[in-house]
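Keeping their order, the protein sequence lines are chains A and B. The opening position of the first sequence corresponds to residue 1 in the working numbering, with each subsequent residue numbered one higher. The opening position of the second sequence corresponds to residue 1001 in the working numbering, with each subsequent residue numbered one higher.
Treat the hints with caution; some may be incorrect.
[Stated by the list, open to error] Here are some of the chain A residues that sit facing chain B, going by a computed Cβ distance under 10 Å:
{"hint": "1", "residue": "L14"}
{"hint": "2", "residue": "L117"}
{"hint": "3", "residue": "A121"}
{"hint": "4", "residue": "I125"}
{"hint": "5", "residue": "G128"}
{"hint": "6", "residue": "L129"}
{"hint": "7", "residue": "G131"}
{"hint": "8", "residue": "V143"}
{"hint": "9", "residue": "A146"}
{"hint": "10", "residue": "A150"}
{"hint": "11", "residue": "A169"}
{"hint": "12", "residue": "D171"}
{"hint": "13", "residue": "G301"}
{"hint": "14", "residue": "I322"}
{"hint": "15", "residue": "H337"}
Hints listed in this document are in silico derivations from the structure and should not be mistaken for laboratory results. Glycine residues also receive a C-beta, built at the ideal position from the N, C-alpha and C atoms.
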Amino acid sequence: MSRTSLHPLTMGLLLLVGIAAPLLFPAYTNQVAVLWLMIVFASTWDILGGQMGYNSLGNIFFFGAGMYTSAVVQIGLFYDVGMYTSGARTTHIVFTTTQYFAGFALGTITGGVAAALLAVATSWIVFGLRGPYFAIGTLGVAVAGAELMASWEWVGAAAGISMPVFPGAPDTQKLFFYFLLFGLAFVVLVFLRWLYATNFGLAINAIRDDEEKAEAMGLHTRRYKRTAWTIAAFFLGIAGAIFGNMTGFIEPRDIAFPTTTFNIFMILMVLLGGKGTFWGPVVGAVVFHVIKEVTWTYFLGWQFIALGLLIVIIVVYFQQGIVGWLMEKYPERFGIHIAPKGKEEPASAIGLAPHPEGAK
Amino acid sequence: MEQVIGNISVLAAMPIFNLGLLIDGLLVGSIFALAAYGLALVWGVMNVKNLAQGDFIMIGGYITWTLGRMGIDPLLGVPVAMVVLWGIGWVLYRTVISKVITRDLFTSLLATFGIAIVIQQGLNLAFGPDTQSAHANLPTLSFAGGLITIATTRIVGFVLAILLAIAVILFMRKSRMGQAIRATAQDSRAARVLGIDTEKVYSFTFCLNAAICGAAGALVVMVWNVQPFLGTTYSIRLFVIVTAAGFGNLPGVIAAGFGMGVFEQFGGFVLGAEFQQALIVLLLLAVLAVRQLQQRRVRQAVQ
């Protein structure tokens, strides 16, 4: 894998698949749309978890933050938010087409920006922490987000908010959100492809490999960590805003900040596909989502037990992931060349003991 | 907001209420201290951060609740829960923990998180999502003309928690296995060289922790209540206690456990019970922030 190329062929193929999928399989548009969301989840989690070595358990916080920000902006542009949320069960409020799209565009952008700002703010709390403390601290941020939203009456508290209704036919709505999520996933992948090829990519890899040394070499590690966290937050915020409008109803614990579903799916998909590789999260997301969609309904209430077992099994027995496993098995296919044995100078020729291994 | 200020002024006007909350907090805090000691034990000896700790407590609680429904006194649930949890701990150690113990920390964290999800959902399937509690038929005492009421179950729970803690501490000090555990915590490699079967020590430590959690759960279901998804709250609570005290600092862990109990009683009284979880999570963030400031002074990260 060369670092400089954006792989135009692969990306073109991806674009083709993304555009063709809803035309070829119109019945599965929603499922494939969620698949692109999963790819966004996995790829943005991998910025920190895989490339930078900071395993976050709280990335979902930004998803929910973006979702709630967009909801407040979309409603607040035309109505009073407190009135809207308290009257949602008794009155039916209709948004006109212009109102809907203007609010949606503005809401999505502010959702992303607000999530990014929150990332900068929370980076002061979480980035003095390492390893397990970082994981627990980020989980704390996510749970705190859910709990605060669940007790804030102005945004509907635990009862949630009904989002503005899409002004159009259900089929148009499906395609609209499909292409938004696909576009987001595509932009994320191209952006990350470029990002990992820059010095920034090298810097966050250096932080993963040895943070003390990276700092000693003069990298401003805190600045890099904050930037990486902000990038992930920005895309997650936008994803949250789009997904909130797609489902039409948002609620703190199970939709906006689902710490035990989407949040854990992110990590699971990355581990399944292969941590720290570019295509690993994508492969993991596809495999996980397809398996989940096919088998989920057959579990009859045992889904989450299966999910927990899957986490344990992957973590214990298959941590390198699919792409990681392939890289181990066929290193040449990934441009990794291992020098064949026996070509080095014989040890005795350069004046060392004949069996240097024996000394160890 | 007015309600919060009103509650604070009640506390200021009636000092006797403060005493009642303080006593209640200390009684409940003893259970936190017990379970936090188990977490600190596994953390210190095996370097595994057990995120399923709270869910072990919930299993212990449900065992006692089931016994109570069968007409057996909940107090007998304490030893039963300990034995059952010991077995569960052994199975989990064999199948999962022994395989992640040498790997990096996130692996064990995620593995125990997976276990936590399995336990939560399993309890949910088995017992339903309702809140349950078991009642030992003991009277409620009242003092100061009815202004302070203390349930006798809480006192019994307190005494049992203290007795268990003393037993565990004596065991760690005096017995051969306790010495081996402490030696392994200090330097596992040296312990292995000196002929200690560290694998056995790890297995024993994990089982002991599970049993402690079982006892704590049996006490929780008597003085409070259990619910399948409350386990995470307990895990975070215990994590806050151990992080605030530092895992090598046993008196600190116990003091922080009592502190947590008192903090929750006052927080719950002032803000209302629905803010309980938010309060604990915010306390976690506050503790982590303070730890960072301390570490920054010596130019280190919290790790």
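Hints and how they fare:
no. : hint : result
1   : L14  : violated (29 Å)
2   : L117 : violated (18 Å)
3   : A121 : violated (12 Å)
4   : I125 : holds (6 Å)
5   : G128 : holds (4 Å)
6   : L129 : holds (5 Å)
7   : G131 : holds (5 Å)
8   : V143 : holds (5 Å)
9   : A146 : holds (9 Å)
10  : A150 : holds (8 Å)
11  : A169 : violated (38 Å)
12  : D171 : violated (36 Å)
13  : G301 : holds (6 Å)
14  : I322 : violated (18 Å)
15  : H337 : violated (27 Å)
The earlier numbered hints that this structure contradicts are 1, 2, 3, 11, 12, 14 and 15.
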